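Student: Please build the complete structure, drawing on both the sequences and the hints.
These protein sequence lines are chains A and B, in that order.
Under the working numbering, the residue at position 660 of the first sequence is numbered 660, and the numbers go up by one with no gaps.
Just add 665 to the spot in the second sequence (first one is 1) and you have the working numbering.
In case anyone wonders, no lab produced these hints; they're calculated from the structure.
Don't take every hint at face value.
What the hints assert, rightly or not - Output of the computed footprint for chain A on chain B, the stretches with three or more beta carbons under 8 Å from beta carbons of chain A:
1) 684–691
2) 698–705
3) 752–763
In this text the structure is predicted, and so the values were computed from the model without any measurement.
Where a beta carbon is used, it is the ideal one built from N, C-alpha and C, also for glycine.
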Amino acid sequence: MGATLGTAGVWLGLFGAVVGVATLALGLRRRDPRLLEAGRKYTWVILGGAVLAVVAMETALLSHDFSLKYVAENGSRQTPLLFTITGMWSALEGSILLWAIILAGYLAVMVHHFRKRATDPLVGWATLTVFVVAGFFFALMAGPANPFRVIHGTVPTNGPGPNPLLQNHPLVAFHPPMLYLGFVGFTIPFAFAVAALVTGRLGEGWLVETRRWTLFAWGFLTIGIILGAWWSYEVLGWGGYWAWDPVENASFIPWLTATAYLHSVMVQERRGMLRIWNLSLLLATFSLTILGTFLTRSGVLESVHSFTESPIGPWILTFFGLVVFTAVALIGWRGDRLRSPGSIDSPVSREGAFLANNLLFAAFCFVVLLGTVFPLLAEAINGDQLSVGGPYFDRMTTPIVIALLFLMAVAPVLPWRKASEEVLRKRLFWPAATATLVVVLCVATGLRGLAPLAAFWLGTFAAGSAVRQLALSARRQGWRGLVGRANGGMIVHIGVVLIAVAFAASHAYGHQREFRLSPGQSAHLSGHTVTYLGTSTVKASNKTSLRAQVRVDGGKIYAPAVQQFPFATQAIGSPSVKSGLANDVYLTLAAPPDHPGGSAVIGVIVQPLIVWLWIGGAVIAIGTALAAWPGRRRRPTAPVSAPIEVETTGAAGTQPPEPVVVPGA
Amino acid sequence: MSNVSDVDVAVGRSKRHTARWAAISLGVVLLLFVAVLATRKSAADKQAESPLLGKQAPTLSGTSLDGSQVSLASMHGKWVVVNFMASWCVPCRDEHPELIKFTQRHQAAGDAAVLGVIFDDTAPNVRHFFSELGGSWPVVDDPNGQTALDFGVRGPPESFLVDPNGFVIWKGIGQVNADGLDKLVAQGKARGA
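Tutor: As structure tokens, this is what we get:
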């Protein structure tokens with residue numbers, strides 16, 4: 001029953017996408033507005049198909065319909081409700097289904113948003129592009145990644161449940177959907193970039209439209225990445241949150257290009273420059289999401305996240321090839337008509353800083369991408385099997401991050417076109433002075449180390465610069481001074497600074513020890529006292545936990561555990577964390593006592609400022625929301641900038657919500 | 666069209682299609698990249714190069730489903746597919762007919778056999794599984810998972826090919842098929858000869 005409904009949903013979606021593409025293509029060819037109007041309506045068929053499939057899948061999971069292969073492999077009667085629901089994205093086929101429904105959702109919002117411009121060829125091409133992408137994902141489900149495969153023969157009476165690591169923490173309910181909202185969201189700007197290139201209407205409209213879509217997708221992706229780091233910290237038990245694992249990199253690489261775009265698009269709006277570059281960034285971002293999906297879902301790279309070997313690899317690779325070919329061909333075809341009339345007057349200007357920012361982000365992207373695929377390239381060239389680990393990434397990315405933090409401090413105070421030394425000195429004095437004071441205080445309290453102190457100095461410098469902008473803007477406009485892209489952007493900067501500082505501090509000043517403790521015995525690490533009290537066994541429907549009771553600093557009792565899931569051979573360690581604003585005490589049960597009442601090995605990790613990673617993530621989310629908040633609308637005829645304000649207070653606070661319209665070629 | 670766009674076009678011509686050439690070069694690089702990706706074997710295969718390869722197989726013995734004692738050592742002289750399985754594992758169900766086919770092909774010659782090991786499952790379940798799907802090779806119960814630990818098995822199905830001298834020559838993660846196993850046996854024989 002579930003299989004029939006689900007399969008019907010998948011085929012309905014595929015049908016909607018195929019017929020929609022055909023109708024729109026015909027409409028665009030014949031320039032027939034009725035066909036364009038009709039074509040976009042297939043959105044609702046696609047959405048209906050996706051919803052039907054998801055409902056069928058969730059019903060099957062909740063009703064333990066083990067006649068479905070997917071449910072038999074990822075469900076079980078003992079699994080708690082939450083993890084039964086999240087079972088939908090606990091394995092490959094279901095995650096493609098999640099992708100499809102999110103894409104259908106985005107598509108519906110897009111089509112609804114542009115309903116009055118449905119007959120515009122630009123919108124037509126964009127819709128067609130999203131239809132093609134949707135068609136691909138439905139085809140995956142209809143073919144190699146069918147989530148509704150039925151088991152022939154006797155139906156099992158129970159299943160193993162999701163991977164133990166995916167039924168251990170409630171963040172599993174949020175991290176994948178957020179990440180996918182980000183990943184999939186880049187389809188819309190990509191579609192508009194393709195449409196703009198195809199129609200040749202490169203100067204206007206699409207830019208404004210895509211900016212906000214990109215911002216939303218970027219915001220979700222950021223939240224998704226940070227939730228992933230948080231999940232990793234809370235579940236995996238090694239005390240870290242970022243390991244340059246291929247899957248982490250796969251989500252981070254498009255984040256880098258999208259971040260570059262969000263900055264460089266402002267240059268295009270103000271100065272009409274970097275048009276090819278901006279389009280390329282959008283095309284690259286989407287291509288990289290598909291490449292990331294290939295790298296992590298085809299099994300070519302080994303990772304904690306990779307699903308088992310699956311037959312969808314060649315499909316995704318073909319699609320990646322198609323996307324890249326389309327993108328490169330379009331740029332090659334149209335690119336030479338996009339040349340901008342202007343050039344950058346002075347490197348010490350806002351646009352100069354944005355250009356430097358983009359070069360750094362491009363280098364960052366290249367470094368991470370190279371490190372991620374290097375094992376594959378090396379193997380192809382000389383047959384070596386090697387892996388690229390943390391040291392490469394840390395060493396290569398640290399200088400880039402330092403340069404980016406410096407730019408983050410300086411760029412917001414730079415005026416457009418050209419900056420004088422005096423302006424810079426005046427605007428950067430207080431941020432730099434505060435930063436120096438902070439570092440002096442750090443050194444005075446005994447902190448050492450060039451890298452973390454440099455990070456603190458640059459972080460405070462950048463935060464100071466952002467706070468200065470916000471303060472000026474708020475003084476001038478009241479609460480409105482905190483919304484809009486530039487101001488929201490400054491809040492995002494503060495969030496990024498928090499994360500950078502927390503990252504540097506936790507890497508440089510973390511302490512880690514393992515203690516063998518008998519019940520009642522205490523150990524000390526970095527000013528914290530942990531007292532081991534004993535163990536207890538707790539049985540739940542889906543797992544048996546051996547929990548150690550550990551009192552931290554004479555206060556609350558924490559319970560790091562070892563959990564055994566019925567269908568997994570390996571026991572899963574579950575850390576327990578005492579979080580604080582200054583530092584975290586991270587406890588693991590490294591070795592349980594070998595006889596009741598015996599001694600246990602407790603792993604203790606004390607890392608400073610960890611909680612600020614998550615706070616920084618929240619600040620970024622708030623900043624993104626404020627940046628997306630529609631600013632005061634100007635009429636198209638209104639002057640686009642107020643020269644006096646720009647000269648005296650810096651352009652960041654006074655940027656117009658509407659772009660300078662640059663006529664296309 | 667405004668003056669600006671006229672300038673645009675003029676500039677574009679004078680630059681002689683920079684974007685086009687850049688796009689073509691990038692396209693070639695990306696094509697090579699895609700080709701590299703397309704020719705990679707999966708990490709699961711690579712990872713299947715387990716530390717056991719080329720070594721004597723760990724001791725494997727236990728009670729079979731029919732109550733008799735079975736051991737890998739007693740099967741010396743044959744190529745043995747050690748197959749870790751469970752009745753709840755769907756890929757095991759899918760690969761089962763292939764294992765039946767493999768045993769049938771080698772039944773007459775008696776040169777190869779399958780030895781099943783129960784992974785995280787109970788003997789009655791597996792007995793039921795075999796009565797339903799067929800197959801008559803020995804299956805060892807592994808109640809505390811020691812054999813799975815010795816072999817470094819993560820999850821069913823996983824299979825190991827052990828040569829007639831008891832050396833592990835191949836490890837496979839996921840489903841196997843009869844033709845693939847035959848090819849491995851043939852390769853092993855060729856190397857041995």
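Student: If a hint holds in the structure, say so; if it doesn't, say that too.
Tutor: Going down the list of hints, with the structure as the test:
no.: 1; hint: 684–691; verdict: holds (count 6)
no.: 2; hint: 698–705; verdict: holds (count 7)
no.: 3; hint: 752–763; verdict: holds (count 5)
Hint check: no violations occur; every hint is consistent with the structure.
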